[in-house]
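Chemist: First to last, the sequence lines map onto chains A and B. Residue numbers for the first sequence follow our numbering, so the first one is 32 and each next one is one higher. Residue numbers for the second sequence follow our numbering, so the first one is 160 and each next one is one higher.
There are no misleading hints in this set.
Residues of chain A placed beyond 10 Å of chain B at every Cβ, according to the derived structure:
1) L91
2) E97
3) L102
4) A109
Derived DEER-like restraints, expressed as beta-carbon distance ranges:
5) B:E169 to A:M32: 49 to 59 Å
6) A:E96 to B:D272: 34 to 44 Å
7) A:D100 to B:T361: 45 to 55 Å
Simulated from the structure, these hints should not be mistaken for lab results. All C-beta atoms, glycine included, are put in the ideal place defined by N, C-alpha and C.
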Amino acid sequence: MHEWDDELVVYDDLDGHTHHLAPLAGKVLLALLECRGGLSDAMLIERVGQLLAIDDAQVLAPAVEEALDELGRLALIAPAAA
Amino acid sequence: MIVSELTRTEVGRQLGGHGLKVRMGPIVASIRSPMPVVADGIGFHYAAHETLDADAFADFNVHIEWPSGIRRFVRPTATFRLDETTAFEPLPANQGFPLLEWGMNWCITAYCDQYLILHSAVVERNGCALLLPAPPGSGKSTLCAALVARGWRLLSDELALIDIDRLAVTPIPRPISLKNTAIEVIRAFWPEAAIGTVVRETLKGSVAHVRPPPGSVERQHEIAHVRWIVLPKYGAEAPMTLSAITRGAALMRLVDCAFNYTVHGRRGFETLASLVADATCRDFRYGGDLDAAVKALEGLASAS
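Chain B with its partners taken away, still in its complex shape (with noise of 0.2 Å):
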């Protein structure tokens, strides 16, 4: 069964009871909420995501919650939890869905060590995987929206989960986050993009989120390798650029934007650097024509 054959009622239902069992990629999560914004929330962004049983395993229990007594009336908060431990100070309640988002990253990146974990956005195309590591700010899940608008399989546009014995990237596909002026960029760009509410004044600005295609989400169980790793850094004025970059400089990339690679040691180093010995490497810098961007990329998967 997937989350949008239940009724919004029965959405409610489980995430007051017993918890709603989600499978997110290679993950369940256990989400246990009263809120009714995390229930919208859930109801329209994993509509295409598989439930499991109230007795199914989950990796994952968390809980999005009020705060207790009048609080729950007076500037009301929202509060994340795995299990016992609370891993943020509340947020206003309104921004409920986005602290389960934020939530999830956190638990995926600081438990989930049998992969290599890079900070970075995933699509895929014809089986092939094209890898866009940056720090924040740099466009990533802006491009990865675009190109999933084009057609290519989202596996992720937030965190690459390398497996290391399979040298392949396993899809974990969730809503794609944008933030400020990307939401109206990707909106024009993406008529048909299912996006959230936008939920504005959080930490990072204003913050939608685009419901992954259910075709991505289907096929969340096929992995996929890395042919091109692509560098990329937005720039509203900058002219674009697509640059050969070398294996050395897109591997210390990789690295930087490893959130694990010190867990998995030299395994992680060899990991990494058989990833770029495979793949094409680009530095990418791009401005305002988004368009443009998504050609430039697509011509990239054209020619090699």
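Here chain A stands alone, though its shape is the one from the complex (with noise of 0.2 Å):
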């Protein structure tokens, strides 16, 4: 993985393929990695709100949903076991 400014782009071992992130989704999938252990809705709105310094968590809300979907069809995420 490697970040220049607002962008990220992924490597996935699992398949061999390269992903070129929208700067969201790059802090959603940032933010993820930091807590391996599971993350909150809100716990994750309010870290990538943190990332973007952005303070509106009405406003970051669908928008960090879309980045989830985004980054679910690119199938470097998935939801974690209930």
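Hints in hand, dock the two standalone chains.
Modeler: This is the structure:
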């Protein structure tokens, strides 16, 4: 994984694909990687907000949701077992 | 000894016998062919390349052959063979030399996995390499020829061999392949260029090759570190623009242009990331003014 300014490029060891992530998706992935034990939605939004210097959770929540969908589609993340 | 020190008869004799062994950068090809167009093409385009003794090791044993029997005389074709493998459909016999070049490209991309191989032209000045990665039709060979005309050293017009351990480009200076209108464009831009026979009606249209300058061939053992990555795109009527791109975008282009990226896995990713991290990365749209295009790239090289 390499981060330059606001962009993140990720190599997926599992399938050999390389992904160039949108800035928000990159921050979401970084936040998830920081807390490998799992994060609640609220904690994730708070951490992404810190990374982006945005403290309005209501604004961030739908964007983070979209970023999670994107990361899921790319098979970079999967929901933790309940 | 270099090819130009052999007589045309001797070139033909070796090609028709045990094989003419030619060093092309880090590889040695043993070439066999009874076809005069192949002998003429090698004699002209590989004049400055080193030849090796008959018993020297060759990485690739390639053959450009006539068909057997009467087909040799009725619309004759040329077939490329690597050892016992026939890699392509036969082509008209007059395309024997381009077929050799395409076949060598295939050999290198299919088997030289000690390198990370990019579909890219590469030239060098003052020890720094300019990488021009692009898909076919982007004008990279035209730009490459124009830069070589202005004194840049040719490392390759088609295949950038990235030495993963040294993070550098290993030169493989071979003939520069020009297609269609690019042939006359370069003839006008670089009147002294040694351009071989124009072969018409190939699968790629008209094709001609430019002989690599002797200085580039003599220095084919000198690696170069990548200083600039420029993504070229030719459009006949396009205004010229040379604009910054992000390192992420440059990295993704290199991934797209790599022939054997998946072979190298994470190491390939880290190699390409290191290349873009250390380079100035630009997107380059250019149109019909080749002189202006070269000046723009030379300006970039002077400024960074």
